[in-house]
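Chemist: Listed below are the residues making up each chain.
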Amino acid sequence: MLEVKNLRKEYGGLTAVKGISFNLNPGDIFGFIGSNGAGKTTTIRMISTLLEPTSGTAILNGADVRKDPMAVRRMIGYMPDFFGLYDDVKVWEYLDFFATIYKVPVKERATVIDSVLELTNLTVKKQAFVQSLSRGMQQRLCLARCLVHDPSLLLLDEPASGLDPRARAELKELIAELGRMGKIVIVSSHILPELADFCNTVGIIERGELLAFGPVDKIVQEIQPHRVLVANILEKADEASHVLSGLPSVLNSAYTDDGEVRIEFAGDFAAQAQILTKLVQDGFQVTAFREDSADLEDVFLRLTTGAVN
Amino acid sequence: MKKRFRDLFIDNPMLVEMTRFRRRFLTVKGTQSANAAVLTMLLIIYAGFVLVVIQNCAVIHPIILVFLEITVLTIFAPMMLYGSIAGEREKRTWDLLLAAPVTKAQIVAGKFMGALGALAIVSLFFQVPILIAAIGYDEQKISWWKLIEAELVAFTFALDVCALTILFSARVKRGLMALGAVLGILVTGIAIIPLFLSSVGMASSTLDVPCYLHPYFVLTHLVERDPQSPSGIWGVPQILVYVALALVLLAWTENTLNFPENEVKFIPKGDKNA
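Chains as they are written, first to last, in the numbering used here: chain U, 537 to 845; chain F, -14 to 259.
None of these hints come from the bench; they were simulated from the model. All of these numbers come straight from a predicted model, not from anything done at the bench. One or more of the hints may lead you astray.
[What the hints assert, rightly or not] To list a few chain F residues with every Cβ distance to chain U over 10 Å, as calculated:
id: 1; residue: 28
id: 2; residue: 30
id: 3; residue: 119
id: 4; residue: 230
[What the hints assert, rightly or not] Listed next, the in silico DSS-like pairs over lysine-lysine satisfying Cα-Cα at most 30 Å (straight line):
id: 5; chain 1: U; residue 1: 754; chain 2: U; residue 2: 708
id: 6; chain 1: F; residue 1: 89; chain 2: U; residue 2: 603
id: 7; chain 1: U; residue 1: 708; chain 2: F; residue 2: -13
id: 8; chain 1: U; residue 1: 662; chain 2: F; residue 2: 14
id: 9; chain 1: U; residue 1: 639; chain 2: F; residue 2: 76
id: 10; chain 1: F; residue 1: 14; chain 2: U; residue 2: 661
id: 11; chain 1: U; residue 1: 754; chain 2: U; residue 2: 772
id: 12; chain 1: U; residue 1: 661; chain 2: U; residue 2: 643
id: 13; chain 1: F; residue 1: -13; chain 2: F; residue 2: 89
id: 14; chain 1: U; residue 1: 626; chain 2: U; residue 2: 643
id: 15; chain 1: U; residue 1: 643; chain 2: F; residue 2: 14
id: 16; chain 1: U; residue 1: 541; chain 2: U; residue 2: 754
id: 17; chain 1: F; residue 1: 76; chain 2: F; residue 2: 89
id: 18; chain 1: U; residue 1: 554; chain 2: F; residue 2: 89
id: 19; chain 1: F; residue 1: 126; chain 2: U; residue 2: 643
id: 20; chain 1: U; residue 1: 603; chain 2: F; residue 2: -13
id: 21; chain 1: U; residue 1: 639; chain 2: F; residue 2: -12
id: 22; chain 1: U; residue 1: 626; chain 2: F; residue 2: 89
id: 23; chain 1: U; residue 1: 639; chain 2: F; residue 2: 126
id: 24; chain 1: F; residue 1: 158; chain 2: F; residue 2: 76
id: 25; chain 1: U; residue 1: 626; chain 2: U; residue 2: 603
id: 26; chain 1: U; residue 1: 639; chain 2: F; residue 2: 14
id: 27; chain 1: F; residue 1: 76; chain 2: U; residue 2: 626
id: 28; chain 1: U; residue 1: 661; chain 2: U; residue 2: 626
id: 29; chain 1: F; residue 1: 89; chain 2: U; residue 2: 643
id: 30; chain 1: U; residue 1: 708; chain 2: F; residue 2: 76
id: 31; chain 1: U; residue 1: 708; chain 2: U; residue 2: 639
id: 32; chain 1: F; residue 1: 158; chain 2: U; residue 2: 626
id: 33; chain 1: F; residue 1: 89; chain 2: U; residue 2: 541
id: 34; chain 1: U; residue 1: 662; chain 2: U; residue 2: 643
id: 35; chain 1: F; residue 1: -12; chain 2: U; residue 2: 643
id: 36; chain 1: U; residue 1: 603; chain 2: F; residue 2: -12
id: 37; chain 1: U; residue 1: 626; chain 2: F; residue 2: 14
id: 38; chain 1: U; residue 1: 754; chain 2: U; residue 2: 554
id: 39; chain 1: U; residue 1: 639; chain 2: U; residue 2: 603
id: 40; chain 1: U; residue 1: 603; chain 2: U; residue 2: 662
The C-beta atom is built at its ideal place from N, Cα and C for all residues, glycine as well.
Throw the hints in and build the complete structure from the sequences for me.
Modeler: Below you can see the structure in the form of structure tokens.
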């Protein structure tokens, strides 16, 4: 379990992280969302023991990053937002180097390297030099490096940046698999729709403050408590909006000049069907009728202002 | 103390650096295939050098060869180590080491031990011609103890050069900056200062004081000293000072890596992402 308690980091007069707190359990995949300069990387670096917090702390399975950083390091796999590869070594040598550093027993090393290569789908590249790998493969190799010592927490800083769609899809599947293996995974990313796909928890950070934290659905529900339906009507959208306002399941209805009627709605699917029926029966020419569901991107844009430290 | 020694020199996972040094400088396959040409050329030069020594061993004082050894080691050590820490930063692998369960002292010790192994190999190659010259030299009886002293002067001075290079590599952002700084210090200390002092009219006997730790001066005194006389102020004292200096420089390096915002100071310019 990871407990982050009032984590704060100051650089001179600048406060990069303003006392953030959250808890994560094994199997949680946490999407850490924020603009550049919001404090994501600083938070991740403090949890990974690379930066000392100004105040507050993070505790991983009972080990405190401030009091026992070595114990924390043994339990984390940190993947920064850059590759960090030695260019004169083969794939297996690179993994062997880190397996040695993490004190993986000599007898187990070969098996461990084979298994992480298999997990990251790099077995065929075992004897290749790291600089000969594609960007996506290098990214997977970095992830394989994080896994050689079987960490309980993975800190992945912008793991999908610069990857093509296929490599992203593969990485996404791999991260989801790590969550299923019971690891805590913290992923920072700008690609919000992808995070929503595989993260069960997200946190939105701006100017060092955690603005929202929790399951994706819950956060979306918080900013948009009711469902919103959108109907596009050829003529008389104002009249249509007025008619719909009288229906019991409609909380509010508004229209725009281009014929769009937005309906805040608190009913079930049958009530939703009745709205469309009513519009058609009353002679309105409906060209489209759909639900406008908020997503992580809407939440992010709604909660944040784009300001940086 | 015993535990610290064990952590640094026995249970230190960073001793894998010795293997990395071997791969980088002695592997002749894959990306290191250029090493084959360099090593072949060096072996040819070495064979020629040994032949010259064999032919002229009667007139070559073995300590003269130690002069050459010091020169080679002094050039070789910075070349090997200038990127030891700065290079990790440039390749951005430094964070990976810092996030791993190794102490900064273990990292420094690992880098140093890696270089030590390579220096020992170079030094070993010099032992063959030195031994030939020591056996064949007939102008004066060679003291084996004096020869060992000269060898230790060469090797311990090389340790200082290694430690100095690692220190600079830890303190600067780019490896080449470390190389430039170390070579600058060495050229100044070994050549420019003695030349300047002698050019301003300082007598060779008074030069001994400012050049007390100068390895070439130490070797000159060892050559000139009566083989039967005790070591005195030249030889062993410098060896001890060199060893102590290497330890101080390594401790300083560790301390450099410990300054609190080390990572922040080395964030690339223009990278505003916190």
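Chemist: Could you tell me which of the numbered hints above are not met by this structure, giving the numbers in increasing order?
Modeler: 7, 11, 19, 23, 25 and 40
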